[in-house]
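K.L.:
Residue numbers (the working numbering), protein chains in the order written: chain A, 1 to 904; chain B, 1 to 143.
Keep in mind the hints are simulated off the structure, nothing from the lab. Any given hint could be a false lead.
As the list claims (entries may be wrong) - Under 7 Å between C-beta atoms, here's a sample of chain A residues computed to sit facing chain B:
#1 457
#2 871
#3 874
#4 900
To be verified - With a straight-line Cα cutoff of 30 Å, these simulated DSS-like cross-link-like pairs (lysine-lysine) come out:
#5 B:118 - A:752
#6 A:376 - B:81
#7 A:210 - A:144
#8 A:867 - B:81
#9 A:752 - B:98
#10 B:81 - A:640
#11 B:58 - A:344
#12 A:611 - A:538
#13 B:81 - A:748
No experiment lies behind these values; they were computed from the predicted model shown. Cβ coordinates follow ideal geometry from the N, Cα and C atoms, glycine included.
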Amino acid sequence: MGIAVIGGGVAGISAALDLADSGYKVYLIEKNAELGGKMAELAECKTGLSPRIVKIQNHPNIELMLSSELEGLSGSAGNFKLKVSGGKEIEVESVVLAPGYDIPDSVATSYGYGSPDVVTSLEFERMLRAATISNELKRQSDGKPVKKIGFIKCVGSRCQDNEICSTACCAYTAKEVWVVKERFPDIDVYVFYMDVRVFGKDEELVADLKDNYGVHYIRSRVPEVLPEGDKLIVKYEDLRAGKIEKLELDMVVLAVGLLPARTLPRLAELTGVKTDEYGYIETSISSPMETSVRGIFACGTATAPMKVRESVGLASGAALKAALMSQRTERIPGQEERKYIEVKEDEPPKVGVFICDNEGEISKTIDIPALAERVKGLRDVVAVNSANTIEEALKALESGIVDQGLNRVVFAGCSPREYEDIIREGCAKAGLNPYLVELVNLREQCAWVFDKNVTDAAFDILRMAVERAKRLEPIIVERYPVVPRALVIGGGISGMNAALDIADAGYEVYLVEKGEELGGGLRDMGDIAFPGGESASKLLKHYVDRVTSHERIKVYTKAREEDVRGRAGMFKARIVGDGVDEEIEFGACVIATGAKEYVPEGYYGYGSDNKVCTLREFEKSGKVQGDTVVIIQDVGPGLKEGAYSSKASNIEAVNAALKIKEENPGVEVFVLYREVKTYGKWEVLYKRAREKGVLFLRYEKPPEYKNGIISVFDVIFNDEIQIKPDMVILSVPMVPAEDNKRLSMMFKIPLKRGFFMEEQERPKMVLTPVDTVNEGVFVCGSAVYPAMIDECIAMSSAAAGRACVLLAKDFMETPAIRAVVNDEVCVGCGVCVQICPVEAIELTEEQLPVVTFGVETLVGGERRIAKVGDGCIGCGSCASYCPSGAMSLQHFRDKQVYAQLDYA
Amino acid sequence: MGEDAKGEFEPKIIGFTCNWCTYASADLAGTSRKKYPPNTRIIRLMCSGRLDPMFVLKALLNGADGVFIGGCHPGECHYIKGNFYARRRIAALRTILKEFGMDNRVRSEWISASEGDKFATVMREMAENIKKIGPNPLRGKVL
Ligand SMILES: Cc1cc2nc3c(=O)[nH]c(=O)nc-3n(C[C@H](O)[C@H](O)[C@H](O)COP(=O)(O)OP(=O)(O)OC[C@H]3O[C@@H](n4cnc5c(N)ncnc54)[C@H](O)[C@@H]3O)c2cc1C
Ligand code: SF4
Ligand code: SF4
Ligand code: FES
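Using the sequences provided together with the hints, build the complete structure.
P.N.:
As structure tokens, then:
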């Protein structure tokens with residue numbers, strides 16, 4: 001049987017790939033004629049997504065059903081029967097729902113929507129794409145260049161029709177603004193907002209936009225847009241001056257919210273899954289991928305509004321859960337031992353050149369037929385082929401290798417960073433060693449950046465590549481078995497959840513916690529209840545019980561890991577602690593070290609005044625003192641001082657205020673805040689707290705606390721307010737675990753402000769939220785940045801899911817790009833040993849054979865030679881330092897680089 | 001080559017870029033359609049640590065008018081220390097290049113994957129500066 005994935009947006013695509021890559025049969029059902037969902041419509045995003053789409057199209061384990069919709073579902077977990085449009089019927093053991101979101105059909109007329117220069121953010125993404133190519137952002141009405149543009153946030157969210165916050169809009173608006181400012185620095189940009197709810201990297205981006213890009217962020221109640229002549233007048237309330245202001249703009253972008261997909265009600269009806277009061281698929285905090293129907297899972301924006309990062313995270317988690325209910329029936333691609341056509345050193349090169357036009361993107365500036373003609377004339381080039389799409393090019397490449405006996409391949413198209421794996425795989429399938437191919441970046445680094453003599457430049461670049469290709473050597477990689485065990489570091493909620501998920505999937509887990517008990521931050525949360533009814537203490541008990549009784553989880557408390565070696569699939573380490581010192585082997589590792597509350601020593605008399613405590617301290621005790629409680633948000637270091645604002649602290653403060661008020665209606669509760677960041681469904685807490693009478697006062701200048709009186713200048717009432725509190729609760733940032741530095745060194749993963757924050761190239765496009773630069777090592781939870789508990793659980797399932805994709809493999813291959821020593825030339829100087837950043841090289845002593853009269857006879861002393869070990873990560877530093885030329889880096893040998901230089 | 005249609009001097013610049021940062025920034029320059037002169041030739045290395053000073057000399061001896069070396073920002077090298085090594089070696093190389101009056105043809109920059117604009121700007125600036133100092137005197141002289 002198999003698993004059905006419904007919806008081919010980024011979430012569905014990711015779930016399908018994780019499943020197929022671990023050997024499950026997948027039916028991917030998408031109602032549109034193409035994969036990609038909304039992300040494919042966003043400016044620039046297609047580039048990151050396309051390789052995944054190509055991979056799906058070529059995946060042996062995925063049956064792609066485009067232009068198809070679900071028409072019926074019967075049966076139950078382990079045996080569902082699905083009717084799909086077109087009369088097809090499939091049988092599966094589990095189902096993953098990823099039908100995504102839609103934007104609202106209509107926008108309130110007060111925003112001037114209807115005027116051609118007022119567009120929704122989704123329309124604007126399309127305009128941005130066009131503007132990138134034409135290098136001009138023009139008004140749709142009269143084609144004049146845009147000079148002043150305004151973005152209005154929260155359109156159709158946090159209002160009567162849709163009370164929740166759409167989460168993604170704050171961040172995607174920042175991204176759109178950034179793109180505008182990067183491309184067109186002269187355009188004046190205004191952003192109208194209620195709160196800026198951004199976290200982590202996005203928080204830095206917004207600060208950067210305000211401070212360095214000169215973007216005007218204006219806090220205002222819902223403004224009005226009035227088209228007047230050929231201008232747009234935005235009327236807004238300047239909160240500080242308490243006046244209505246007017247601003248003349250020539251374009252307005254409405255940051256519309258994300259709503260449940262229009263197809264969702266029908267899907268819910270067919271599958272029987274429950275939807276929540278907002279129309280999203282109902283899930284819970286502790287099982288964010290599980291629906292009300294056993295065997296049916298959900299991910300992506302169908303469960304709540306969210307960004308790509310979170311959508312992909314949930315997808316990996318949902319894939320893992322769906323896999324638990326299914327039998328693995330397919331082969332995992334790339335596991336069979338490969339046989340390649342032998343290419344001898346002295347064999348004359350036969351180079352095939354394949355040019356992919358990327359659906360017309362390259363031929364806009366490069367004359368491909370002329371280029372092909374010229375390339376044909378190069379020495380040793382025996383075939384030149386040009387194709388329109390990568391699929392066609394791949395086909396031509398495979399048949400070229402088989403039919404024409406090519407022994408070198410040059411592939412020219414878009415950036416190799418996108419397609420390298422796919423092209424190498426294509427060569428390998430056709431029997432050519434995958435390192436006999438050279439990739440040429442004709443799109444990003446030629447067609448798109450040069451504005452004259454582009455075809456000449458393309459020819460030069462191809463000639464360099466052909467010469468390099470001729471000198472490439474086949475690289476034989478070794479296969480090694482994957483150790484089917486995992487190490488999980490950190491025994492908080494994220495670590496425990498990851499350990500359980502991996503263990504449930506059938507692998508053994510070492511769970512290492514440095515504290516005395518499992519539980520981490522959850523232990524400090526006392527009885528606090530999360531929306532949806534679960535309390536921290538119940539959750540804690542549930543998790544600890546399950547972890548400690550699981551037969552495949554071995555828990556080490558008061559212990560830590562040391563001396564990590566090896567690589568994905570075959571790591572080694574030592575667990576050292578109370579009476580243990582154990583050597584372990586594992587194939588994958590999940591880091592879940594969490595974060596802890598900052599100690600606000602010296603802030604508001606903390607430490608000396610017994611009225612003052614932190615949020616966690618209050619949650620732990622749960623005791624309310626007196627009749628007046630003041631909660632102060634954003635106490636302690638902020639972004640400028642190196643801390644990130646914490647999702648958890650900000651939202652828990654609102655939750656705490658609501659709880660205090662609900663349980664003690666007579667108590668006055670104030671929340672002094674800079675920004676209320678109750679994103680997504682958490683917005684409801686904010687709304688309820690206000691309804692119950694919690695008073696929210698917004699400050700810009702931090703409040704003061706003197707002689708028992710708190711004075712705060714409230715920028716909404718425009719007045720100084722004084723409160724005499726009986727209790728002051730400080731909401732402080734979460735700071736990274738101390739151990740992160742050590743782990744970062746040991747696992748070679750960089751830290752950002754102390755957290756394992758993912759790398760991002762362009763703002764906010766994260767397709768691998770839990771993967772790290774070190775393959776086989778995954779991160780999740782508040783170790784990445786301080787997140788809410790539901791996100792910690794979701795992301796730890798994602799990390800577990802990604803780890804299981806790796807653990808499902810029987811074999812991995814040693815990296816091809818690694819250092820090799822020419823024994824005969826090495827003089828044993830040891831320079832390389834000093835240089836190697838990962839200490840992968842050692843000097844070995846070798847007996848020197850002496851050849852007398854042609855016969856190897858006596859032992860003539862000892863000689864030292866360098867030996868490169870398994871740890872080599874392929875940086876090539878040793879090769880460039882070796883004074884004798886003995887050391888080289890495979891695939892980047894001197895002669896290969898020189899060939900490029902000679903023909904540049 | 002080395003001249004455009006009007007016979008004006010168009011410097012040839014060889015850029016060594018590390019795969020993880022500067023090569024990626026060049027890709028971003030592309031997606032953002034930032035322009036730079038068409039005589040730029042990018043050579044991808046996995047890390048700037050692989051940069052052998054001989055590569056730079058060889059490029060100059062072959063007649064390149066300028067050589068650019070790009071890596072990750074300090075502390076952000078994918079392989080931990082490669083850019084630190086590159087920086088050391090370029091500094092040493094410079095003292096030799098100075099003797100031949102060539103040091104102003106070599107430039108190194110740390111450019112991260114999100115700095116597409118910086119990549120294009122550096123390439124344009126280099127071409128402009130080299131236009132002022134003229135073609136590599138070794139061009140066509142050495143074989
Ligand atoms: C203007 C705008 C800009 C954004 N920018 C960013 C950004 O910069 N960064 C970021 O992280 N996020 C951004 N987002 C959010 C991002 O678009 C989403 O997080 C992401 O695309 C969600 O992916 P998904 O797979 O959940 O949903 P979708 O992309 O909506 O995919 C769902 C798919 O399911 C299909 N489908 C629906 N119903 C059925 C059915 N019954 N049967 C079969 N198929 C079905 C649909 O056709 C669609 O292909 C932005 C959103 C907007 C509106
Ligand atoms: S290539 Fe880098 S990691 Fe590998 S042995 Fe050489 S210096 Fe060490
Ligand atoms: S490989 Fe080179 S650097 Fe290393 S010991 Fe041998 S000669 Fe010295
Ligand atoms: S990887 Fe960029 S300098 Fe090392």
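K.L.:
Please go over all the hints and tell whether each is borne out by the structure.
P.N.:
Each hint, compared with the structure:
A distance limit of 7 Å between C-beta atoms decides the matter here; for residue 457 of chain A the minimum to chain B is near 4 Å, and the interface restraint holds. Here the hint on residue 871 of chain A is broken, as its CB sits about 12 Å from the closest CB of chain B, past 7 Å. Because the closest C-beta pair between residue 874 of chain A and chain B is about 6 Å apart, less than 7 Å, the hint holds. Hint status for residue 900 of chain A: holds, given a least beta-carbon distance of 5 Å to chain B, under 7 Å.
Our distance criterion of 30 Å between C-alpha atoms is met by residue 118 of chain B and residue 752 of chain A, whose separation comes to about 22 Å. As the CA atoms of residue 376 of chain A and residue 81 of chain B are separated by approximately 42 Å, the hinted pair breaks the 30 Å bound. For the suggested pair residue 210 of chain A and residue 144 of chain A, the alpha carbons sit about 26 Å apart, so the restraint of at most 30 Å is met. Restraint check for residue 867 of chain A and residue 81 of chain B: satisfied, since their Cα atoms lie roughly 20 Å apart, inside the 30 Å limit.
A C-alpha spacing of about 38 Å is found between residue 752 of chain A and residue 98 of chain B, which places the hinted pair above 30 Å, so the restraint is violated. Pair hint residue 81 of chain B plus residue 640 of chain A holds up; C-alpha atoms about 27 Å apart against a cutoff of 30 Å. Simply put, residue 58 of chain B and residue 344 of chain A have alpha-carbon atoms about 28 Å apart, close enough for the 30 Å limit, and the pair holds. The hinted pair formed by residue 611 of chain A and residue 538 of chain A meets the criterion: a straight-line CA distance of about 29 Å does not exceed 30 Å.
The suggested pairing of residue 81 of chain B with residue 748 of chain A holds, with an alpha-carbon distance near 11 Å, which does not exceed 30 Å.
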